[in-house]
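Number of protein chains: 2
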Amino acid sequence: MKVTYQLIHKDKKTGARYGKVVFESENGEKQEYETPMFMPVGTQATVKTLSPEQVKATNPGIILANTYHLWLRPGEKIVKKAGGLHKFMNWNGPILTDSGGYQVFSLAHNKKKDITEEGVHFKSELNGEKLFLTPEKSIEIQNALDSDIAMSFDECPPATADKKYLKNSIERTLRWAERGKKVHKNKNQSLFGIVQGGPYEDLRKWSAIETVKLGFDGYAVGGVANDDEEKDDMYKAVEYSTPYLPEDKVRYLMGVGEPVDLVECVKRGIDIFDCVSPTRLARHGNALIWGIRSINDKNTSISDLKNSTDGIEKSIDAKNYKEKRINLKNAQFAEDFTPIEDDCDCYTCQNYTKAYIHHLIKCDEAFGKTLLSIHNIRFLIRLTEKMREAIKNDKFEEFRENFLKS
Amino acid sequence: MKVTYQLIHKDKKTGARYGKVVFESENGEKQEYETPMFMPVGTQATVKTLSPEQVKATNPGIILANTYHLWLRPGEKIVKKAGGLHKFMNWNGPILTDSGGYQVFSLAHNKKKDITEEGVHFKSELNGEKLFLTPEKSIEIQNALDSDIAMSFDECPPATADKKYLKNSIERTLRWAERGKKVHKNKNQSLFGIVQGGPYEDLRKWSAIETVKLGFDGYAVGGVANDDEEKDDMYKAVEYSTPYLPEDKVRYLMGVGEPVDLVECVKRGIDIFDCVSPTRLARHGNALIWGIRSINDKNTSISDLKNSTDGIEKSIDAKNYKEKRINLKNAQFAEDFTPIEDDCDCYTCQNYTKAYIHHLIKCDEAFGKTLLSIHNIRFLIRLTEKMREAIKNDKFEEFRENFLKS
Chain A
390 MKVTYQLIHK DKKTGARYGK VVFESENGEK QEYETPMFMP VGTQATVKTL SPEQVKATNP
450 GIILANTYHL WLRPGEKIVK KAGGLHKFMN WNGPILTDSG GYQVFSLAHN KKKDITEEGV
510 HFKSELNGEK LFLTPEKSIE IQNALDSDIA MSFDECPPAT ADKKYLKNSI ERTLRWAERG
570 KKVHKNKNQS LFGIVQGGPY EDLRKWSAIE TVKLGFDGYA VGGVANDDEE KDDMYKAVEY
630 STPYLPEDKV RYLMGVGEPV DLVECVKRGI DIFDCVSPTR LARHGNALIW GIRSINDKNT
690 SISDLKNSTD GIEKSIDAKN YKEKRINLKN AQFAEDFTPI EDDCDCYTCQ NYTKAYIHHL
750 IKCDEAFGKT LLSIHNIRFL IRLTEKMREA IKNDKFEEFR ENFLKS
Chain B
390 MKVTYQLIHK DKKTGARYGK VVFESENGEK QEYETPMFMP VGTQATVKTL SPEQVKATNP
450 GIILANTYHL WLRPGEKIVK KAGGLHKFMN WNGPILTDSG GYQVFSLAHN KKKDITEEGV
510 HFKSELNGEK LFLTPEKSIE IQNALDSDIA MSFDECPPAT ADKKYLKNSI ERTLRWAERG
570 KKVHKNKNQS LFGIVQGGPY EDLRKWSAIE TVKLGFDGYA VGGVANDDEE KDDMYKAVEY
630 STPYLPEDKV RYLMGVGEPV DLVECVKRGI DIFDCVSPTR LARHGNALIW GIRSINDKNT
690 SISDLKNSTD GIEKSIDAKN YKEKRINLKN AQFAEDFTPI EDDCDCYTCQ NYTKAYIHHL
750 IKCDEAFGKT LLSIHNIRFL IRLTEKMREA IKNDKFEEFR ENFLKS
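Keeping their order, the protein sequence lines are chains A and B.
Take the first sequence: its position 77, counting from 1, is numbered 466 in this note's numbering, and each next residue is one higher.
Take the second sequence: its position 381, counting from 1, is numbered 770 in this note's numbering, and each next residue is one higher.
Heads up, a few of these hints could be off.
If several chains are the same, the list does not tell them apart, and a pair holds so long as it fits within one copy or across any two.
Cross-link-like lysine-lysine pairs, in silico, DSS-like; alpha carbons within 27 angstroms at most [unchecked claim]:
(1) LYS751 x LYS526
(2) LYS512 x LYS751
(3) LYS751 x LYS519
(4) LYS399 x LYS512
By construction, these hints were calculated from the structure, which means they are not laboratory data.
Work out the full structure: start from the sequences and follow the hints.
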């Protein structure tokens, strides 16, 4: 299905947008989903620990699948033979595939890669096999996967890259975007461009303007989900990019899923987000709960997220705020017969107590991870639903302030 | 809920019975389920890798939960505070709890236990803690769990026990059954007795007659699911027990779930089965498929089941037959875009191909285990549904012969 974006209402005081993404198939069938939107991630053609029906019950729009992982296993040829990704994984809603770029730059064996004008040489993290990913190859794989939205292959420079490096990198990413567009042949699939440029206003502006000139069905702001990214830099990257993106195209901030970041970046004009965090947090026993906390102690980096499994409300830096979460392994929940959140409408909170989930997590029962994944995904989707209401009523700034105070 | 059994039709040529178990709550609410029946096992208050809705979709009747495991974690007091096992695990159908006896005898730390007239001293396999389980304690725990059917605490002697040992053991088990019955106080819960006696006709007859004299709501045939049990001995144990059990009470063969055994033991008058095998097989990548194969090669023991994860149709001895199964890890399924079984009505076979499940199992994705668990449980329940039809039409023997030829 091809995607278009309808801007329905712009918040009067901020850059926040309420809109719709409309997917239309070649035979005229339509699916519509509201934005702001959070996309659950189904890395290997499955949202970890969940059935498609369980994902559907969280009321998502698009889901994301990873080109890099599916290229390695099972291979795009097998997915194509299966009739495409939708049929393979039994998902009848829209699917966005990333370009594989982020994984090449973050997951390559020993983190070694050789970036040339032609593409990136690296070794598989699974078995050390030599691999070569180019802009053309990335698009070919995504064409074969038959997702609804494909992403251009971009370089994801580290957060520490200097301005000179970034300038060369942006130029190459623009050439790669053009090369990818030329070989994009799936008429049932949209193609998005990606804006890079670190936290620099001039670079973001330049990258945005030049990417828009190439002409894509939607635009992403990239290079903000590095492990050692500063939150301030993320907000700047968005703030310096969105003014130069067309109002009639959807805007996607890649790899961002912390609640406070969703709020801050919707304010700055982003429509769509994705992140593995809700399911990853769940597999470590964590449940997101409403609100954020201000912190005055030392900053913790986003990479802490990956390993933190102990205690209540251990969290990540969000400028001066951090998300709230509880870890269900904690003994304090052994006799807590209330849901994770009293006012949450998710399947987990409607049917199970913290005591039961604590029991499942302590026993390493898979269903505990399922229940927490459902809650965490629904938590982020509810947050986007609340933001939509606030924008419709021109009350986004009030919503944001209340959220930051909560 | 209390259970009664209605014998609706007895097969004209065999001992096979078609009937109903009727559960009635104190306030008169009724639930009815047909037999023969296979009960999925929810050891730790969850059927491994499945939601209650996914279990329900396999059309089960009763499910089983393990008293021993729930006693250790989270403890029966917490389950009671939660409002009982049904509410704790969000299961509104009937639940049977075993007595804990089998686990004490098979799982105790270092397999060491001290059997006295009072009860069994042993150490927790989780942390080495000293534990003491008595008939009274087992019933108290089950009363607190508030299952619909509680089982009497019995000794489960090893398959190698001699006749003299078994005779003493049966006498003790009878005294334990009487002690348990005396302290059974949950008016919303039925209590079943257990027949022991190894493969000996005189011992089984004696155990059955004496257990029935004590008077229970249903009867189980026990001591047949030992790792080193011969299949012949299992069939004998059933054959020598059921003639002495009342026709108006349900008969349950504990811990048996291989398809050929379900058929052989329904023939010998059993109504209800349970086994962890469908979910355990699934977690190792295996799917049950219709039919059995005769074997002429060396026997493999039931204990092989626990570790076999490789290849196609590695299986367990069933006298001269073994079950059929495929292992989805096998490379031959990488491009097999057909369901596990073409004529299976389960959620997995209706929506997913072997290629997709192969991919999930190769990537160690939890949803692969979920899909295989659904298929395997539904497989056994479909088998019981087919047996019901055959009995209703007085064609059980033909069904059995066709099954053995398949």
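For each hint, the structure was consulted:
1. When the C-alpha separation of LYS751 and LYS526 is checked against a cutoff of 27 angstroms, the pair qualifies only between copies, where the shortest distance is 24 angstroms, while the shortest distance within a copy is 44 angstroms.
2. Within a single copy, LYS512 and LYS751 get their C-alpha atoms only as close as 37 angstroms, which misses the 27 angstroms cut-off; across copies the closest is 20 angstroms, which meets it.
3. For a Cα distance limit of 27 angstroms, the shortest separation of LYS751 from LYS519 across copies, 21 angstroms, qualifies, whereas the shortest one inside one copy, 40 angstroms, does not.
4. Proximity of LYS399 and LYS512 under a CA criterion of 27 angstroms is satisfied in neither setting, with 45 angstroms inside one chain copy and 66 angstroms between copies.
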